[in-house]
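First to last, the protein sequences are chains A and B. If you're matching positions, the first sequence starts at 98 in our numbering and goes up one per residue. If you're matching positions, the second sequence starts at 2 in our numbering and goes up one per residue.
Hints listed in this document are in silico derivations from the structure and should not be mistaken for laboratory results. Just so it is clear, the structure is predicted and the values come from calculations on it, not from any experiment. Mixed in with the good hints, there may be bad ones.
30 angstroms max Cα-Cα, derived DSS-like pairs, lysine-lysine [unchecked claim]:
| no. | chain 1 | residue 1 | chain 2 | residue 2 |
| --- | --- | --- | --- | --- |
| 1 | B | K243 | B | K207 |
| 2 | B | K149 | B | K10 |
| 3 | A | K140 | B | K10 |
| 4 | B | K207 | A | K140 |
| 5 | B | K98 | A | K140 |
| 6 | B | K179 | B | K207 |
| 7 | B | K10 | A | K114 |
| 8 | B | K179 | B | K149 |
| 9 | B | K207 | B | K254 |
| 10 | A | K271 | B | K10 |
| 11 | A | K271 | A | K140 |
| 12 | A | K140 | B | K149 |
| 13 | B | K254 | B | K243 |
| 14 | B | K149 | A | K271 |
| 15 | B | K207 | B | K149 |
| 16 | B | K179 | B | K98 |
| 17 | B | K254 | B | K179 |
Residues on chain B that point at chain A, a partial pick, calculated with CB under 7 angstroms [claimed, not checked]:
| no. | residue |
| --- | --- |
| 18 | M25 |
| 19 | V28 |
| 20 | E51 |
| 21 | G131 |
| 22 | D180 |
Take a look, some chain A residues computed to stay more than 12 angstroms from chain B by CB distance [unchecked claim]:
| no. | residue |
| --- | --- |
| 23 | R116 |
| 24 | F138 |
| 25 | D207 |
| 26 | E209 |
| 27 | V260 |
| 28 | L266 |
Quick reminder that beta carbons are idealized off the backbone N, C-alpha and C, glycines included.
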Amino acid sequence: MNEAFDIRGQSHIEVHKFRAGAITIATLLALVIQASFPIHFAKTAVLDLPLLVTIYFGLSRRNPSTGLLLGMVIGLLQDSLSGPTVPLGLYGIAKTIIGYLASSIGARLDTEHPAARFALTASFFVAHQGLIVLTRRILLAQPEPWFNMHLFVAALVNALVAVFLFLVLDRLRKN
Amino acid sequence: MVAIPSRHKSLVLLAGVIVLQVLMLAVQIKRDAEGRLIRVWTVGAVSPFERAGSYGFGWIRDTWRHYFALQNTTKENERIRRENDVLKLQITQLQGKAAEADRLATLLNFRQSHADVPMIGARVIGTGAGTASLTIQLDRGERDGIRKNMGVITPDGVVGKVVEAYPNASQVLLLTDKDSGVGAMLADSRVQSPVGGQGEPLLVMKYVPNDDTVNLGERVITSGMDRIFPRDLPVGTVAEIKSGNPFKQIRIKPAANLERLEEVLVLLSLRSLEMKNEGNTGDPPPAPGAANPPRAAKR
Chain A
98 MNEAFDIRGQ SHIEVHKFRA GAITIATLLA LVIQASFPIH FAKTAVLDLP
148 LLVTIYFGLS RRNPSTGLLL GMVIGLLQDS LSGPTVPLGL YGIAKTIIGY
198 LASSIGARLD TEHPAARFAL TASFFVAHQG LIVLTRRILL AQPEPWFNMH
248 LFVAALVNAL VAVFLFLVLD RLRKN
Chain B
2 MVAIPSRHKS LVLLAGVIVL QVLMLAVQIK RDAEGRLIRV WTVGAVSPFE
52 RAGSYGFGWI RDTWRHYFAL QNTTKENERI RRENDVLKLQ ITQLQGKAAE
102 ADRLATLLNF RQSHADVPMI GARVIGTGAG TASLTIQLDR GERDGIRKNM
152 GVITPDGVVG KVVEAYPNAS QVLLLTDKDS GVGAMLADSR VQSPVGGQGE
202 PLLVMKYVPN DDTVNLGERV ITSGMDRIFP RDLPVGTVAE IKSGNPFKQI
252 RIKPAANLER LEEVLVLLSL RSLEMKNEGN TGDPPPAPGA ANPPRAAKR
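Same shape as in the complex, but just chain B (with noise of 0.2 angstroms):
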């Protein structure tokens, strides 16, 4: 047996460790496999801190744009401020209260109008720990029906899809992130490309050949090609356009606010809701087999 000298065990252990992780990473590449097991046991010991954070954060927040923000008056008015202070505080928390119902109500009232399409409200709790991917974490998960692939959106638009679930969150991939991508079309003209991240603010709609006539701030919608999203939900508008070969390049402003969410909603159904309107769209009817998408038909 080969003593290694004591200056040299620390060199060891690293080049150990890189190797153990180097295998990690090729056994997850070659297997598709992504260590569930240590990342349900990582969210699951996470998600509650993030849960309490959330609110905590949320409350903080909603007290010092309403209350802290407007401390900043003159001398002469401060005496007045003082004896009006604690309604103020109690105002800031009814409204901070009122436009959480606010925003409530529109998800109710878009569940309402969309009665058809199965959805649950989620909170976001948290966010990926790291700048290498775009995504959000939700306070439900597997137990309230989430599962893998399923849409996530809020009534302004298109937020992106559940790419883990677990018992109790679920994270999402946003449509801004590198991996993300929506069937999608141009509103007027209807022709249809797949719209997809960059890692950056704009999306990018890849497939819109150079003859076909695109118009600033023309909106953009799903069309329903992917089976996740429904037809005709906001995806965003062109606000950029260039020549390419052989496609254009359009750059695309989510509808969706993906830096501020606060309450999304998830599309509870894996199979394609475009089916239902079949009869009514005249699109062609989709391949035999593929009612359900690739990946979630492996579970």
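Okay, chain A solo, but in the shape it has when bound (with noise of 0.2 angstroms):
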């Protein structure tokens, strides 16, 4: 099944495939890059490239299943590289409920414009950060702010970042 319905009933949006280990590969470079690079650039730390990857795949893929199980994947690496002092589930969940998200409605809608992925990132990431604060407050009472001004900011340039790495991620899709 490559086709899937949008809300206005036409079957016109695809599923894409990607070349043979792209998926991988995209995704240990974006756990390596999100580990290394704030060491040399600390500004850097404000991108959630693990993320991004995770709801790239979800909208391009539009396979729920697919998307959050990616997302459970991507998740739980990057709550490994965290240190102990971040249980193994705490991205794990957020990133499969996003990936589940965002496949969902790439399913439904077309999210190959850049102003749609714009608005989508800049929602996903406001919706993770809220899955982690949420698992935070009520799994491991850990109490944390649910917004602030840096959210606000960290979710506009994560979702300028994307539209720019979303076009350099289609180029791995099969023609």
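Hints given; two lone chains; assemble the complex.
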């Protein structure tokens, strides 16, 4: 099944397939860059590249099961690299849900336009942070603020980077 | 057996995966287990790339800072600049090496001046892969003698402590992390209080009574009471003081530049470093059986 229906009932949304190993390599690269860049460029700590990769492949593959499983794997790897103060599952749960939502939305809407990608990424970023705060508050009993200005700025920066990153990742698609 | 409609299969899978991870979280909290095996595999797989990336990024950054940034000159200088480009590139590389040598010499001097404290130099090769914790990753681990709970410093001051040691790498929780802390005291008044992180660039000194006098800019040093760091290492300087009830709200600017760490020193001792000077300091002796920090005693 290579087509999905958009909200107007028209079947024109394609399911994209990627070159062999593209998802694995992109995921590992995102994790390595996420763990390496902030040493040399402290401001880049605001980026969440593993989240952007989760969103991109979720929106492109448009299969909720694949999206949520990819989100879970990326999230757990990110948990593993974040040190023992971050329990395994914190990013895992958040990215599982984001992967599911991204692929579900991707199956219903055309998400190829840069403006749509910008808006969706910003929304997913806020939702992701909200899920982390929710997990911390409910499951870990760690009080965290729900919203601050930094989150708003980070969402916009990530959304902007996503527009360009997604164009690069588009090149990994099979013709 | 109840058949699940195909359109609900992904929802069921989502629920299953979430429940699984919630259970995993619960197990970690209940048993204080930290999924060490998964972490060892992940760090083992990723750290070689981080190591390579660290050197690569360092080279690019040094080249950018010392070479490309100089390209911004007028057209009339272009011809002369082209002739000098090769030499400049070589100078750039030498400058990078000289800067590294300076940093290493500072570390070496520091080590020699604290010869009684066993320590090892390590290079920072990565950071935590998210904003949920403030950690860095070092290129040395258990094979170099690094163990959990060892202190990490630079000649400028305290950096944090080792929270996980893997065979060839280790993770350090920075002092600015919410879960971090160090036994400290004000250098002038000698008032003791733990200093901890808040997930922000500034630290907080938590238990200084309102009656005690604290001055802006006053130095904060380690007290040695945490049995991880030796006495008198710089922690930071007082940056902000507010009255509170019953304690002052004091914010500390870290002495070490925690946002730009390249090389650090790991204190290779889990025993109380203060014990050696116990007779000289006049401090009360530690409680029996307290020579090792509690978490280290588990190992």
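Given hint K207(B) paired with K179(B) - CA-CA distance at most 30 angstroms: 13 angstroms, holds
Given the hinted pair K149(B) and K10(B), is their Cα-Cα distance within 30 angstroms? 43 angstroms, violated
For a C-alpha distance cap of 30 angstroms, please report whether K207(B) and K149(B) respect it. At roughly 25 angstroms apart (the allowed maximum being 30 angstroms), K149(B) and K207(B) satisfy the hint.
Measure nothing beyond the straight line between the CA atoms of K140(A) and K149(B); if it is 30 angstroms or shorter, mark the hint as holding. 29 angstroms, holds
What's the verdict on K207(B) and K254(B), does the C-alpha distance respect the 30 angstroms limit or exceed it? Between K207(B) and K254(B) the Cα gap is close to 14 angstroms, so the pair holds against 30 angstroms.
Please work out if K243(B) and K207(B) have their alpha carbons no farther apart than 30 angstroms. 12 angstroms, holds
Please verify that hint: G131(B), Cβ, nearest Cβ of chain A, below 7 angstroms or not. 5 angstroms, holds
So is V260(A) really clear of chain B, every C-beta pair being over 12 angstroms apart? 21 angstroms, holds
Within a Cα-Cα threshold of 30 angstroms, do K271(A) and K10(B) meet the stated pairing? 27 angstroms, holds
Hint V28(B) vs chain A: min CB-CB distance below 7 angstroms? 9 angstroms, violated
Residue hint M25(B), partner chain A, criterion CB-CB below 7 angstroms: It holds, given that the least Cβ distance between M25(B) and chain A is near 5 angstroms, below 7 angstroms.
Beyond 12 angstroms from every chain B Cβ - status for L266(A): 19 angstroms, holds
The structure is inconsistent with the numbered hints 2, 3, 11, 14, 16, 19 and 24, although it conforms to all the rest.
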